[in-house]
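Student: Let's have the full structure, built from the sequences with the hints guiding it.
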Amino acid sequence: MSILGVDVPPITHVTVWPTGPLGLNKTALVYFLATIITLAIFFLAGRKRQMVPTGVQAVAESGVDFVRDQIIMQTMGVEGLGYLPYLTTLFFFILFSNIFEIIPFFQFPANARYGVPLILALITWVLFNVVGIAKQGVGHYIKNTLVPPGVPKVILPLVVFIEFISTFIVRPFSLSVRLFANMLAGHLILVTFATLCAALFAAAITVVILPFSFALLVAMTGFEILVSFLQAFIFTILTAVYIGGAMHPEH
Amino acid sequence: MALALLHFVLAVQNAGELQKGLTAIGRGIVYGGAAIGPGIGIGLIVGNAITAMSRQPESAGTVRTTMFLGIAFTEALALFGFVLAFIISG
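Protein sequence lines correspond, in order, to chains L and R.
Going by my numbering, the first residue of the first sequence is number 1, and it counts up by one from there.
Going by my numbering, the first residue of the second sequence is number 1, and it counts up by one from there.
No wet-lab data here; the hints were simulated from the structure.
Any given hint might turn out to be false.
To be verified - In silico SDA-like pairs for lysine to any residue, Cα to Cα no more than 25 Å straight-line: (1) R:20 <-> L:8; (2) R:20 <-> L:192; (3) R:20 <-> L:10; (4) R:20 <-> L:16; (5) L:143 <-> R:73; (6) L:135 <-> L:84; (7) R:20 <-> L:9; (8) R:20 <-> R:87; (9) L:135 <-> L:125; (10) L:143 <-> L:173; (11) L:48 <-> L:63; (12) L:26 <-> L:192; (13) L:26 <-> L:115; (14) L:135 <-> L:154; (15) R:20 <-> L:11; (16) R:20 <-> L:12; (17) R:20 <-> L:14; (18) R:20 <-> L:188; (19) L:26 <-> L:119; (20) L:26 <-> L:222; (21) L:26 <-> R:86; (22) R:20 <-> L:195; (23) R:20 <-> L:69; (24) L:26 <-> R:18; (25) L:135 <-> L:69; (26) R:20 <-> R:38; (27) R:20 <-> L:189; (28) R:20 <-> L:185; (29) R:20 <-> L:135; (30) R:20 <-> L:15; (31) L:26 <-> R:83; (32) L:135 <-> L:115.
Tutor: The following block contains the structure:
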């Protein structure tokens with residue numbers, strides 16, 4: 001693909017890598033690293049517990065505090081504290097697999113491939129349905145989810161249909177696509193500016209415009225740190241919102 | 001004249017060029033169209049959140065969380081368009 005003389009690599013070159021030994025490619029490698037880092041932080045933090053946290057323990061505790069105060073207390077209240085371990089793990093795993101987008105030599109957000117976001121969203125889907133059925137019973141859960149209170153009888157079938165589609169079908173899809181597409185879009189922006197920098201560097205005259213492109217590349221890298229964090233936050237808080245909504249019927 | 005044009009179109013089509021070009025146009029329209037509504041929506045959400053925060057700074061935390069939730073729901077529509085633009089293949 002060539003735009004204005006700049007050769008932009010096609011999408012398959014940007015997100016697909018040759019498979020290495022043991023079927024390991026870059027995406028799998030980043031996911032392994034993200035898993036190991038998440039595990040390592042919490043195991044190291046839990047091994048030598050101190051009253052006044054230092055080092056790794058301080059990081060882990062501020063992370064747990066963040067998930068508890070900003071995500072669970074805002075959406076589910078005290079009742080949701082039982083989901084703190086799962087939500088903390090989810091948040092840190094997504095954050096670490098996203099943040100590889102800006103780490104040199106990796107520079108690929110693993111969530112820019114659709115597989116794992118989809119699985120995470122399906123886990124959320126199963127979780128909130130199970131919680132809803134366990135807390136309210138099958139009949140009540142389905143009734144409370146599909147029939148919003150105060151709807152006129154005439155349009156009720158339509159509302160039930162829309163609620164069914166939006167709750168049980170669109171939710172896991174939009175949850176996973178949001179994470180996946182945000183990371184892919186951010187990655188493509190970085191690739192575009194990096195390619196532009198390389199192309200401008202190649203020709204003698206165009207080098208004068210290079211600083212502008214490079215400045216935008218740096219600015220976008222900073223922005224992508226924010227996006228990585230924000231997408232992990234949004235995925236986790238939406239999971240919390242869905243679980244909270246399944247625990248309590250709307251009044 | 002018309003026949004010559006038809007021949008030209010067919011010749012181009014055989015080369016796959018026309019299809020490629022139309023696919024590219026389609027992708028652009030799909031993403032551009034999908035971005036209009038969410039663009040307006042996110043503007044409204046953030047604008048109103050700023051109004052709320054400046055009127056009641058003590059509730060800024062709650063407003064910010066709700067704002068991100070609203071953005072996430074609105075943004076999903078634009079992202080569907082983004083993904084669809086890649087799915088469309090010539």
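Student: Taking the numbered hints from earlier one at a time, note which ones the structure violates and give those numbers from smallest to largest.
Tutor: 14, 23, 24, 26, 29 and 32
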